[in-house]
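With chain A's structure known, arrange chains B and C on it following the hints.
Listed here are the chains, written in short residue letters.
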Amino acid sequence: MQPVATTFFFYFLSGLTLLSGVFVIIRKNPVHSALALIFGLLAQAGLYLMLYAPFVAGVQIILYAGGIMVLFLFVIMLVNIERSQREEQFNKQWVVGLLAAVALGALFVVVYVKGKALFPYRIAQPIESSNTQQIGVMLYGQYMFAFEIASLLLLVAIIGAVVMAKKRI
Amino acid sequence: MLNYITSYLSSNTTPGQAGNVFWATVYILVVFGGISVAVMAMNWLERKALAHFQIRLGPMRVGPHGLLQPIADAIKLMTKEDIIPAEADKFVFWIAPLIILCASFAVYIVVPFGPTHAITDLNIGILFMLGVSSLSVLGVVMAGWASNSHYPLIGALRSSAQMVSYEVAMGMAVVSAVLMTSLHGLGPYGVGVGTSGTGTLSMIGIVQAQQEQHVWFLFKFFPLGFIAFGIFAIAMVAETNRAPFDLPEAESELTAGFHTEYSGLRWSLFMLGEYAAMIAVSSIAVTLWLGGWYRPFPNTLTGDTWDLVFSLFPALTFLTLAAIAFVGVRRMPKHPYFRVQTIGLAGFGAVLGLIGLILFAPPVRDRIQDIFWFVAKVAGFMYLYIWYRATFPRYRFDQLMKVGWKVLLPIGIGVLILTAILGVVL
Amino acid sequence: MTDRTITDPKPADTTTSDLKTSDSTKFLSHLELDQPDKTFLDSNELVINMGPQHPATHGVLRVILKLDGEKVLGTECVIGYLHRGVEKIAENRTYTMFNPYVDRMDYVAAVSNGLGYCEAVEKLLNIEAPPRAKYIRVILTELNRMASHQLWLGTHALDIGAMTPLFYTFRDREEILKIFEKYCGARLTTHAFRIGGCQYETYEGFERDVIKFLDFVPPKIDEYEELLTTNRIWLERTKNVGVISRADAIALGVTGPVLRASGVKWDLRKAQPYAAYSDFDFEIPIGANGDTYDRYTVRMEEMRQSLRIIRQAVERIPEGPIMAKVPKVMKPPVGEIYHSIEAPKGELGYFIVSDGSTQPYRIRVRPPSFVNLQALDVMVRGALVADVIAVIGTLDIVLGEVDR
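Chains as they are written, first to last, in our numbering: chain A, 1 to 169; chain B, 1 to 426; chain C, 1 to 404.
Do not rely on the hints blindly, as some may be mistaken.
Claimed, not checked - Each computed DMTMM-like pair below joins lysine to aspartate or glutamate, with the alpha-carbon atoms no more than 20 Å apart: (1) K166/A to D398/B; (2) K331/C to D355/C; (3) K331/C to E319/C; (4) K166/A to E45/C; (5) K220/C to E175/C; (6) K212/C to E175/C; (7) K166/A to D68/C; (8) K265/C to D248/C; (9) K28/A to D89/B; (10) K178/C to E204/C; (11) K71/C to D398/B; (12) K239/C to D398/B; (13) K76/B to E274/B; (14) K182/C to D209/C; (15) K28/A to E87/B; (16) K88/C to D355/C; (17) K406/B to E236/C; (18) K402/B to D377/C; (19) K239/C to E225/C; (20) K270/C to D281/C; (21) K402/B to E70/C; (22) K166/A to E70/C; (23) K239/C to D377/C; (24) K48/B to D73/B; (25) K123/C to D355/C.
Claimed, not checked - Pairwise CB distance ranges, derived in the manner of DEER restraints: (26) Y203/C to H52/B: 31 to 41 Å; (27) I89/C to R56/B: 32 to 42 Å; (28) I75/B to Y203/C: 42 to 52 Å; (29) R56/B to K212/C: 19 to 29 Å; (30) V37/B to Q93/A: 51 to 61 Å; (31) I26/A to H52/B: 50 to 60 Å; (32) V26/B to Y143/A: 40 to 50 Å.
Derived by calculation from the structure, the hints in this document are not laboratory data.
Yeah, the Cβ is synthetic: ideal placement off N, Cα and C, and Gly gets one too.
Pulled out of the complex, with its shape left as it was, chain A reads as follows (with noise of 0.2 Å):
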């Protein structure tokens, strides 16, 4: 099956994502800020959807934007943050941050210049259809240890979270 209209679906999607971000931190409201984190959610998925990674896309929509944002959701409205809206929103440290963002500027294009060559003017089509097969096949076998690891740090958290929060009812 032929994609369609990559370019176009590209730009829309990575302009949407850079423009969710930059409204993340530049709305005082907060509740504001988690919907441009959603939109810009939901675009990566679309993102990982043209790099015919269909699992990956649909757990994004499933984990990041249906679970993570709406736990992000429930503290920020469950915590009392009007004072924090009247705010001023400025940081003291404007020097630090201009300075490490211009590092990081500079990082990328050091990467882009010196791995041109790695990327082929196409990327490579992998099969679409079996991307779930070969995540679970690796996920599985090969990286059996990190993901129990990681599942472990996930109930420590959770117990965690259990055990602070739960009161002598």
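Only chains B and C this time, still in chain A's reference frame:
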């Protein structure tokens, strides 16, 4: 240009897979329109069925037997005053129903009404459906927050906590069904054949796997498939905030729900999203466990005669509905006030009868089979939803969460493990 | 059409009460409210108001809840929204004139109110209603108990979320109301009895109607039980919810099915028989735990026992006069009397002080719902908010009676 349009008709895939934008758009419009009509019909059916459960009649005046009641409701809601609470965040207030609506409608691009009658067939179909329907939780949370009022916020947080909890149980049940797609063996216990390693997440693939294994996943590894189906059936009711899990939106509780402050058209968008979500999760249940678009007993009652018998069902259904309409016409009071209603009902019955007669014609009859059986099964689920609402009291919120986490999830994990073991061993 | 925004105060901090009157916490200060263990994730304590207008408070009852998150720490009921000064009115009416007012107190079960009042005045006047009148009174009062319990069941189930039993019980209650209407002309506020007996003779076909009702209703009660009694969700919502112990119930003065569900076998029809109840053979159902489920089973069984009483009464109804010799101008001797009956909701008592004139000096009504409502606080301590509504339903209060 014309070639572009007609070339799809000869291909044997969904428009999305064929890359045909024109037909994809046509299918999208048809599905969108169909779901909207289905939501209105569901609204009518809910009021009538609920009323009949409660020994009363339901809407009878607006149109014959209340058939035009959803239209009247829609007009009323559209012309209602649009009230936005003071100091509410206008942007979030505006976008929350849209998120729920888009999330509920976007899942329909993978719902398979037939082997090629889907808008597209993503190879992560079921994953996509679960993911996008979980985006409606965001809409709920934002609706509650944007109302700038204490009770909708609590209601929204409860509602979203409930939806998130039952998504986990739903996921376990879905994974059990997906595991079954990779098996070879025929019948409920395909013995000695093992797995093929080619399970699929695509919706059409799951239904075809049921056909290849000659058994609905409901009966596969009985009772495991049945229990998984049961878990999904309960979780899907909780996911869509319907009775008996509708504490967050019950009127007699203190928190009146996340859509309290919404009036008029905005509220109707919530209702639309809720019914669309109900139909969507019912479609998932039908696809995963009830054999999708296949007629009942495709492998035990085979042969041309049985095919013929089952292919007459759509026509017979419509003719039965037409007959019921005509019985209603006969029982209408013979008073001048009721003349318009009688004529309307007779016309409605005539239209239904005409559709039934058209469905007798062989070319139409063969093509309509898949869609008919799929819609019939989903309609059964819709009726179950209404039945639950009429019968059961409400769960208290902590009991609701307890059922989700302490009952459904362990059973789901158990079913998953047993399915996996049986799949490898058998 | 412009958008109209409604001004609403921002619920910025939830620690302050959002009531317009600021003296609600003063009401609660006398209660020893538990101080919850405070963690750094502690939610704010909340005082919220279940207003006079609420779909589930069975009338105009205002309940102020002090919550800790979802748990109830204490409640305060504010009543008086339906106070009509009935007892004061009684001081300016003759005994006969006051009879219709009595129905309006517990408007759901009006016949019992009339029975209590007429019997109290008869005791004061030292006259006794003839046997036939007593039997008619018993039949109508038990039908009335049936109707009251049916209404209770429907509304209680509706509060807990089951919509359908409401329609079933109201449909069946219609038959009782039809009998009342045929007998005395009114469905709800019946004014069925007079001081000294009954005014109306039973109409032609009364026994037939009552027997038809007795045959019609038991399958319906089975239907209600089928919907609710073994329903898991109903069990979870009602078992161990709103528990009141035997000692607490007696100490608070709770009567009626609430008391019997806590294990106390006390029914005025057996303990202090009035109006021909001693002629009949029936049982008093009691419960074991004193929770909502027990109150439900007790009332369901009471419905069946009422049917038993009615059947015996209708079969043995004696012939004779229906009105005793009552003076035209009623001037009871100076004195006071307290007479109570077993109304569907509990012990309904009338304390009448007479000063020898045609108008009573004071009538004090002891409404069962008023006293039972005190138990609300004890029952919902430590329960969740959703249980408050279930408990208010299970107490079976009628605000007309609570406020008078």
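Structure-based check of all given hints:
{"no.": "1", "hint": "K166/A to D398/B", "result": "14 Å, holds"}
{"no.": "2", "hint": "K331/C to D355/C", "result": "9 Å, holds"}
{"no.": "3", "hint": "K331/C to E319/C", "result": "29 Å, violated"}
{"no.": "4", "hint": "K166/A to E45/C", "result": "16 Å, holds"}
{"no.": "5", "hint": "K220/C to E175/C", "result": "12 Å, holds"}
{"no.": "6", "hint": "K212/C to E175/C", "result": "10 Å, holds"}
{"no.": "7", "hint": "K166/A to D68/C", "result": "14 Å, holds"}
{"no.": "8", "hint": "K265/C to D248/C", "result": "15 Å, holds"}
{"no.": "9", "hint": "K28/A to D89/B", "result": "12 Å, holds"}
{"no.": "10", "hint": "K178/C to E204/C", "result": "14 Å, holds"}
{"no.": "11", "hint": "K71/C to D398/B", "result": "11 Å, holds"}
{"no.": "12", "hint": "K239/C to D398/B", "result": "15 Å, holds"}
{"no.": "13", "hint": "K76/B to E274/B", "result": "19 Å, holds"}
{"no.": "14", "hint": "K182/C to D209/C", "result": "10 Å, holds"}
{"no.": "15", "hint": "K28/A to E87/B", "result": "15 Å, holds"}
{"no.": "16", "hint": "K88/C to D355/C", "result": "15 Å, holds"}
{"no.": "17", "hint": "K406/B to E236/C", "result": "15 Å, holds"}
{"no.": "18", "hint": "K402/B to D377/C", "result": "26 Å, violated"}
{"no.": "19", "hint": "K239/C to E225/C", "result": "16 Å, holds"}
{"no.": "20", "hint": "K270/C to D281/C", "result": "10 Å, holds"}
{"no.": "21", "hint": "K402/B to E70/C", "result": "15 Å, holds"}
{"no.": "22", "hint": "K166/A to E70/C", "result": "13 Å, holds"}
{"no.": "23", "hint": "K239/C to D377/C", "result": "18 Å, holds"}
{"no.": "24", "hint": "K48/B to D73/B", "result": "14 Å, holds"}
{"no.": "25", "hint": "K123/C to D355/C", "result": "15 Å, holds"}
{"no.": "26", "hint": "Y203/C to H52/B: 31 to 41 Å", "result": "35 Å, holds"}
{"no.": "27", "hint": "I89/C to R56/B: 32 to 42 Å", "result": "39 Å, holds"}
{"no.": "28", "hint": "I75/B to Y203/C: 42 to 52 Å", "result": "50 Å, holds"}
{"no.": "29", "hint": "R56/B to K212/C: 19 to 29 Å", "result": "23 Å, holds"}
{"no.": "30", "hint": "V37/B to Q93/A: 51 to 61 Å", "result": "59 Å, holds"}
{"no.": "31", "hint": "I26/A to H52/B: 50 to 60 Å", "result": "56 Å, holds"}
{"no.": "32", "hint": "V26/B to Y143/A: 40 to 50 Å", "result": "44 Å, holds"}
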